[in-house]
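Each protein sequence line maps, in turn, to chains E and X. Residues in the first sequence are numbered from 0 upward in steps of one, following numbering that gives the first Met the number 0. Residues in the second sequence are numbered from 0 upward in steps of one, following numbering that gives the first Met the number 0.
Honestly, the hints are just simulated from the structure, not real lab data. None of these values were measured; they are calculated from a predicted model. Hints may contain errors.
A partial selection of chain E residues facing chain X, derived with a Cβ cut-off under 8 Å [said to hold, decoys possible]:
hint: 1; residue: A21
hint: 2; residue: F56
hint: 3; residue: V88
hint: 4; residue: L92
hint: 5; residue: L93
hint: 6; residue: F95
The beta-carbon is built from N, C-alpha and C at its ideal position, and this holds for glycine as well.
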Amino acid sequence: MSEHGAGAGAAHATTGTYLRIAAILVMITLIEVGVFYVPTFQSVLVPLLLVLSAVKFTLVVMFYMHLKFDNRFFAFLFGGPLLLALVVVVSLLLIFYGAVRLRTGM
Amino acid sequence: MGVDSRKMAFWAFIGSECLLFGSLIATYLVYKGRSLVGPYPHEILNIPFTSFSTFDLLMSSLAMVLALAAVQRGDMKQGKLWLLVTALLGLVFLGGQFWEFSHFVHEGLGLTTNLFGSTFYVLTGTHGAHVTVGVIWLLTLWIQALRGKLGPKQALTVEITGLYWHFVDVVWIVIFTVVYLIQ
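Throw the hints in and build the complete structure from the sequences for me.
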């Protein structure tokens, strides 16, 4: 299945691949909701959910948004700001909790 | 570089949207657990209902790629069908969000009730506004297709619409985890 009119000439995934990705996404969502309710997973809940969420995010971006098959420049245009956004999130959390620790002395 | 300028510009736009949602998610996380009065997240968030909304949005992404594939191969009957299905699934998501917001307001959580209310409504409301724009965009394409003005030559237009729609989906993937599941 080739791309038409995009100017990049990149190939896209097949319908079968799209359906398999959808099935994987639904399964991961069920696992996410499942582990949320199982007390055994409470100690590892946050890292587990973050990893599962990252897998879903990557699958959609790579296959549905065709970044796996498209020009690498698009990956740079998307990946750069995404990385920057992650840095903003982590920095704000560190600054905020650092300030709270300083204020409370904990 | 051999890349389409419209597609390049749209990827740059999506990159800027990453920063917008990154800031909103960071704000939500910074104020997480700092509300002085209720309702608190664990008292009010409905995981089964939101799981259904997540499933709905994931299926709309599938419908979107099927619409693009159909338009690319010139099968406009399937293209029209999947575009409409994508838009309808988007409307179902918006209906669910409207119901959720109404329910929360009824439970006493307003925009200014506490820090959770302020950050929750701004983050999920901004996402909902993006879904609304996406639904209008999809319905516009569907009407164009009905009038015979959308064909394989306009596949790039459908692909760019798809990029927007899938981005809205990946943002929800993050919100579902950060806001609803990690309480």
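Verification of the hints:
| no. | hint | in the structure |
| --- | --- | --- |
| 1 | A21 | holds (4 Å) |
| 2 | F56 | holds (5 Å) |
| 3 | V88 | holds (4 Å) |
| 4 | L92 | holds (6 Å) |
| 5 | L93 | violated (10 Å) |
| 6 | F95 | holds (5 Å) |
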